[in-house]
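Novice: Please model the complete structure; the sequences and the hints are all you need to start from.
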Amino acid sequence: MEGVYFRQQLGEGINLYLVREPKFKTVSMSIVMYRPLDENSTGNALIPHILKRGCEDLRDTRAIQRFLGQRYGASLNVDVLKKGDMQLIFLGSSVISNKYTIKGEGVVSDILKFLAGLVERPLIEQDRFRDEYFVQERDNLERLINSRINDKIQYSIDRCYEETTKGQPFSRYRYGDAGDLSRLTAEGLAGYYRTVLAEAPMDIFVVGDVDIADIRDFLDNPPALGERKVKCPEGTVSPQWDGAPREVVERMDVNQGKLTIGYTTGIDYTHNQYVPLLVYASILGGGPHSKLFNNVREKASLAYYTFARLEKLKGLMVIGAGIEISDYQKTVAIIEEQLQHMRNGNISDSELIAAKMALTNGLHSMKDSQMQITDFLINRIVSGHNMTPDYLIERINEVTKDEVVAVADGIKHAVTYFLTGDGKAGKEETR
Amino acid sequence: MTVPVEEMYMDRIREKLYCSKLPSGLEVFILPKKEYSKQFAIYATNFGSVDMRFSVPGENKVTEVPAGVAHFLEHKLFEEEEGNVFDRFSHLGASANAYTNFTTTAYLFSSTSNFYKCLEVLLQFVQSPHFTDENVEKEKGIISQEIRMYDDNGEWKSFFNMLQGLYHRHPVRVDIAGTVESISGIDKDVLYKCYNNFYHPDNMALFVVGNVDIDETMELVEKNAKKNLSEREEEIKRYYPEEPPHIHAERIEQVLAVSQPIFNIGIKDTRVGFGGSELLKKDITTTILLEMLFGKSSQLYQRLYDEGLIDDSFGFDYTAETDYSYSMLGGESPDPDRLYEIIRQSVADTKPENLTEEDFHLARNKLLGRYLRNFDQLEYIASNFISYHFKGANFLDFMGLLEQTDLGSVRERFDEHIRPWASTLSIVSPQQRKEG
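Going line by line, the protein sequences match chains A and B.
Take the first sequence: its letter number 179 is residue 179 in this note's numbering, and every next letter is one higher.
Take the second sequence: its letter number 288 is residue 719 in this note's numbering, and every next letter is one higher.
Treat each hint with caution, since some may be false.
[To be verified] Here's a subset of chain B near chain A, in silico, CB distances under 8 Å, partners left out:
id: 1; residue: E466
id: 2; residue: Q576
id: 3; residue: D582
[Stated by the list, open to error] Cut-off 30 Å, straight-line C-alpha distance, at most; resulting in silico cross-link-like pairs (DSSO-like, lysine-lysine):
id: 4; chain 1: B; residue 1: K712; chain 2: A; residue 2: K99
id: 5; chain 1: A; residue 1: K113; chain 2: A; residue 2: K99
id: 6; chain 1: B; residue 1: K464; chain 2: A; residue 2: K299
id: 7; chain 1: B; residue 1: K569; chain 2: A; residue 2: K103
id: 8; chain 1: A; residue 1: K299; chain 2: A; residue 2: K356
Quick caveat, the hints were computed from the structure, so don't treat them as lab data.
Every residue, glycine too, gets a C-beta built ideally from N, C-alpha and C.
Specialist: Written as structure tokens, this is what we have:
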């Protein structure tokens, strides 16, 4: 893509991407390892959290935090990402650019080596992760998995997608399954991590005001991962719902009902209708210009938030709205009506234009965010598409109403998921 | 150009800021960042949820308004006689939004094209209220759903319960959006009353950042900003009830559908009643102090983490406002009561001399890094600049003040603010833990 200033293979299945953007005062660095989303998902989720606790060079959190503190409080964040049918082990850091340090000292290369050290030289002693770290992080992960109910909007979306892809890899939760945790051991997981190091494709992303010279000593001493036999996870499959939609009702002690409707589109990144699908979803529910916003919220006053959102790597769509529990039927009917308008081509020129402009504005804005630049690169790698932001902008502007309407044919209503009250919520609460 | 524009260059961050004041009292700030694709503008008024009692300049009468008015007004300004402002921004390809917090209401947009047209729309719509009985009524359904959404949000509830524990009377203890009940009392007359008082240009500011031209921006602002008003001689008087220095409740607990307890610990600051760069200094000193006491490189953090009492959700923050200030710690914990006890004990055992020079430098560098990191986000710069501006401080002085801060002032702050331990523990838990 344009903007990728530099790409270098550092080893078997290890690539470094450098995007040089002098406008940023910080440099964002990430290391990503790609795994299939399978029965190891809980282990994959646990690994980065154990890695962040220490490595051979810096053996505990305090040592790490002092190291980062001395480099202007560089951040450290670890996570797993769910990208289509893959799960990505992610370690990232952001540090101020060498140009802004007090004495002009270099910090970027230090941080890059530090991140690689966490991955490359984990604290594995006698073939096991340090017990203390393993146990603490396993317990933290259990709490993290259980806390997914706390964010009711995200929980409803995740649950709706799970029901839409039941029995398929994508139905696995990003952080795995709490039920797996008792089966994991410090030894077993260390052994598995050796496999990850040997097999997983690895990418390193560096975005910011940085020159090759700034990271030269990292490039000269790239991560040594030993004997590698790289296995690329298989590509993502876009499902097609076949049959009548299912209805799923879940009860919880809530004040507001979360209505969430899942659809299969059959269109992913590489499909020739991908760009019209973007426009379709934007007209339907991509912001204040959309049919859902104007009809569910503005005209009917049924909701504060309502949207249509795509899971682009998987070709899924979800519609969401937070509503009064008793307004369920009324809201479903209005949403149905909007989908019917889309099918019938009741789309005004102004809706089409607003949707296109919102999308292109988003793509232009992406260039101002290091996180979004990294994410765009990761999505390209995972999906195997090679579209640039500028190409997408050009294509979006060419999309016709007919192309948008043609997308509607393939959209299949799969699941209606409703998170509703159990009659216990304190509705009479006053202050 | 008719109005003079002052240029300020900030060496450490290599940015230039252009400032100007129109005869109407409106202050305008432009921070060009030409290499960015985006432009971002905020048009804000110094009017937030805590401004519930005030008198209009020239009037002696005190006006009282229901809780949630500032936020309600924010919703309603988006409505025009002919439809919705969002549509106009959409057709220009920009993304518009607004927010209301305790002290500020802000209208904003982010664009990558048509910036000057967007800016014109922003100025116009904020300057043209259109409230009718009907459209005010309609909004109550939408806002009720917004309130309901927050009622299910454990973190939000824990935060507000903490404020209710800290404050006896100050309106910061009242939810920003009000309650379903309080907003039922809002009508178009209340909205116009607040609008005419607080949306006067002398109580507002415009901040523009990103890929913009200074002259063109200034010219457009001068042309479109309200001209028929001149700066009022008197300031708006705002009345806040007298707030005792001690806290209102030590422990507050609420049951919600959450997986494990969510907690907030609030520490009330009694050195309040001033703004300006003194306030920014206090903010910086206290933030360094909190970093030294509770940051990831502190012994206390390590202990709490090792005991499984905190996880990555743990965080802390200092809020510095003219009339109220507090420190806050929060996150999820399986046992907030035990966590609270350990923190309280640790603070009691800490003497100012335990705060070392080395830890101080580490914390200060961290803050410097964080400030620069946030400078890569236009939205962050704009909203922070506006927020400090209304408190009489310049956010771009941050680096200079940070570099001047010394360990002595941090130790003093510890004695003054943390050691007295005027604190509240707020818990939102899956089931009742003990009698609150």
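Novice: Each hint needs a verdict: does it hold in this structure or not?
Specialist: Here's how the hints hold up against the structure:
For E466 (chain B), the interface hint holds, the least distance from its beta-carbon to any beta-carbon of chain A being 4 Å, beneath 8 Å. Satisfaction of the interface hint for Q576 (chain B) is found here, the shortest Cβ-Cβ separation to chain A being roughly 4 Å, below the 8 Å cut-off. Because the closest C-beta pair between D582 (chain B) and chain A is about 4 Å apart, less than 8 Å, the hint holds. Annotation: proposed proximity of K712 (chain B) to K99 (chain A) holds, straight-line Cα distance about 26 Å (limit 30 Å).
Using a Cα cut-off of 30 Å, the hinted pair K113 (chain A) and K99 (chain A) holds, with the two alpha carbons roughly 19 Å apart. Under the criterion of a C-alpha separation no larger than 30 Å, the hint pairing K464 (chain B) with K299 (chain A) is inconsistent with the structure, at around 39 Å. Restraint check for K569 (chain B) and K103 (chain A): not satisfied, since their Cα atoms lie roughly 59 Å apart, outside the 30 Å limit. A distance of roughly 23 Å separates the Cα atoms of K299 (chain A) and K356 (chain A); the hinted pair therefore holds under the 30 Å criterion.
In the structure shown, a violation is registered for the earlier hints numbered 6 and 7, in ascending order.
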